[in-house]
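Colleague: Join these two chains into a complex; the hints should help.
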Amino acid sequence: MGQLKGRIIYKGKVEGEALVTSMPISFYGGVDPNTGTVIEKGHELEGVSIKDKILVFPQGKGSTVGSYTLYRMKRNNTAPIGMINKETETIVAVGAIISEIPFIDKIDVSKIKTGNRILIENNNIDIF
Amino acid sequence: MELTKQEQAMLNGEEGYAVRKSLEILVALGEIFGAKNLIDVGSVQVSGVSYHNLGDAGLEFLDSLAKDGKVKVLTTLNPAGMDLENWRQLGITAEFAEKQNLVIDAFQRMGILVSCTCTPYLIGNLPLYSEHVAWSESSAVTFANSVLGARTNREGGPSALAAAFVGKTPCYGLHLNENRVPDVHVKVETEFSKLSDWGALGYAIGKKAENKIPYITGIKTAQLDELKSFCASTVTYGTKPLFYIKNITPGSDQQTLPKETVTIEVSDIKNAYDSINDNIDEIDFVCVGCPHCSIKEIQEIVNLIQGKKVKEGTELWVATSRTVKQLADKRGYTVTIETAGGKFACDTCMAVAPLEGRFKALATTSAKGCFYSRQNLMKTKMGSMKECIEAAVSGKWGN
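Going line by line, the protein sequences match chains A and B.
If you're matching positions, the first sequence starts at 34 in my numbering and goes up one per residue.
If you're matching positions, the second sequence starts at 260 in my numbering and goes up one per residue.
Check the hints yourself; a few may be wrong.
As the list claims (entries may be wrong) - Calculated pairs, DSSO-like style, for lysine-lysine (alpha carbon to alpha carbon, straight line, at most 30 Å):
1. B:K329 / A:K74
2. B:K295 / A:K139
3. B:K264 / A:K46
4. A:K46 / B:K295
5. A:K38 / B:K264
6. A:K44 / B:K326
7. B:K329 / A:K84
8. A:K139 / B:K264
9. A:K38 / A:K84
10. A:K44 / B:K295
11. B:K295 / A:K119
12. B:K331 / A:K44
13. B:K358 / A:K94
14. A:K144 / A:K46
15. A:K94 / B:K466
16. B:K295 / A:K94
17. A:K94 / B:K467
18. A:K44 / B:K329
19. A:K38 / B:K295
Hints are computed from structural coordinates only; laboratory data are not their basis.
Bound conformation, chain B alone (with noise of 0.2 Å):
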């Protein structure tokens, strides 16, 4: 790979430990994957936040960078494992708020944004169509390469954070055109009535167009917050973190079908259900914003549950950017949900806090949330806005 003077000067260490070290991390990538020259970006995400993921060892790292690293553009994080503010409320143990709140400080004196959020295009960082940017987080790096038309590769934590202190990241994979062209042409042959639903479509997708790039045609309309949860589920279950829609996504027009071809039928949707949804009736757990719910969601929840009850025994939890929450406080929306017996969950969610062994079964509305909820050992119901919040209140699913 070339570099510049500049890049050369980074690299034997002339900006200290931090960016030499992650000079040599987006030159080995850029070596390995066929790069021949770093590109500046205009953003960066950074995933890795949650202790229970990171361990002592992510905690150490980021230490060591943390001493002389500084971020070099606008740079915002994925969420923590815990609500910062709110964690004892959230049963979370003393021990593991100390070591959360280390990494968070960490990250705090790098210059990065503690915005703890999975969607950093609802808070400020949002790339325009055609801007490079490096970002991590499976469901917004989908989000900024297909909503927005933005170019960002699938980075991991390290590399994301390489790619801040630097201001660049090297030029392979989605930041090339020609890596960026359909290969299969998936045909929606059926109409959606609800959130889920679109959840379900990505899983269909995702299964049938494993590590591929779809252009999908058939959807005639949809909604930030339908996208927003399709992005999660289809690079969730298979799909490469880019797809196309005719018509709504931008780029759209400039791509041609693709030869082999997909149908996504009312039976296809219907799998989805089956294969997400387990035989279950109780719920002691609700889980809503997987990604992070926006303010329009939010409003949804409450006029749900206005002048309802959550059932002992059964927790709901409002997953929230606390820049989105801060809206809601304002609106009365926080008291109406907590007086209802909701929780809210900001800088946090369901995918990283440390949940294992603490709920049976979960109910949501997102596709995402179930495969980590799995992995958590939960048995998951996924359905609309409506019956989740109807669960919370029952305590029971389609009762």
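Excised from the complex, chain A in its bound form (with noise of 0.2 Å):
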């Protein structure tokens, strides 16, 4: 269905269900670890599960603290199996990076939808 290139920030190949939201993330305090579950109240996601999507959102904001919170979800598989931003900035890079999740930046994420079929490889995405 189309193909978009970005900016690598931690290197993969993984392949999933896009979940999209046009809201900045806070990992620290806005998703809980232990179920993958987003708690922040009036975001719109919250009471969905990232749990094993490629999230696809446009940056990250809050407490650096957020970096663990990535790293501490990967290790109780309740991560994202890949995320994309439109601009990423400090702690999701970051957070990605400690705990070895594909990750790219610089993409277009409103051409994604939730639900789409995509393929991460490098700074390469394919939509099906």
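Modeller: Here it is as structure tokens:
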């Protein structure tokens, strides 16, 4: 259906189902690391699990401790299997690296819809 | 970003897991912020030490790095969530203490000095003018950049650790001359009479110069403790972690006055106090030492509290580094403060200790301390050291 090119933050190959939000995500305090469910009040994804999804969002926000939360989620098997950002920042970038989750940014995230089948391979995204 | 052969080898894992992860972090941040290369750093200050903030996730990650990670440069540590020796007296639970000790143990294994202070510059981590360092802890970052004239971005815990394992940091942001140019002229048209006025000034400038580098004129003199307090306040309430004060801070004579001008008048300082101070009388928690008390501040406390008693139902904490407390021990200051019913809180502070629900109303000299204590649901009063010690003795503010 389409191909997008971005910038590699953490290199890898992964295929899965997209979960898209137009709102920034705070992993520390905003996501329950034990279940992978978004718990931030009023967030578009409140109550939705990001576990095993390819999570598509503009960027991170909140406490720098969020990097460690992603690491915890990876260890708990509640983390997303891949991530895509519009323009990333330190918290999510560091979180993806220490958790070894394939991660690309500089992507027009409006081109991806929730439920799309997606393949991330290095700096390339295929949408099926 | 261009890497040397040695850096490339580190990235390929030739020096083990911790160094490879560190290179990955430094390269990614360098790419995100447009750095061309990595530069050597003279020292590192690592934040993210309190188990209260790290949780098990942070502890697990630190543990994984400690397996083969050793720091390559002088590395000091931010405050922990408790006094590492005297935690019981400060009401910390045994469960918390056990986890906090595991965090400290991981840092020990990495070769980090367990200094547990936000004032590394008072205990031997003192960068020189124009020296590149990689520090986290916003008040210390601001002090290093502004008062010492060293160069550091505002690192987070993991990026500071990465810099320590590699001895380098990506060259972007405040490491470069072009990003250290002030963008707003702050004319101060008021006089100061006490330490907390500097906290109020930081609040006022933070609000008027959000995310900017202020060039401040109109201040005739400043002392170490005043600048220490101002650094913590101005960055907490909004500016970038760098400022210049004409004729006082290094490099101020090399910068030209920015066109954009804001003025700080008596009314701005009063508004700052009004915003920070809640309408309360009863005080059950007095905490001084945000940033950590210098030995001079401890002398001041001793002079104020000698022969008095802290009111029952009110706690007085003196937050400082263990290194400074050892000086206080030798001089007999510790005995005087403890005899009066005050407690030392070494290695920790009111911003990172697990204090939610423990106290209702805080009195402090620190504007930054008020900011974080409000997150712990306390009402706050900010004033001079004298007002704070009087509140500890009477259990009331301003009586």
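Colleague: Tell me, which hint numbers fail for this structure?
Modeller: 1 and 7
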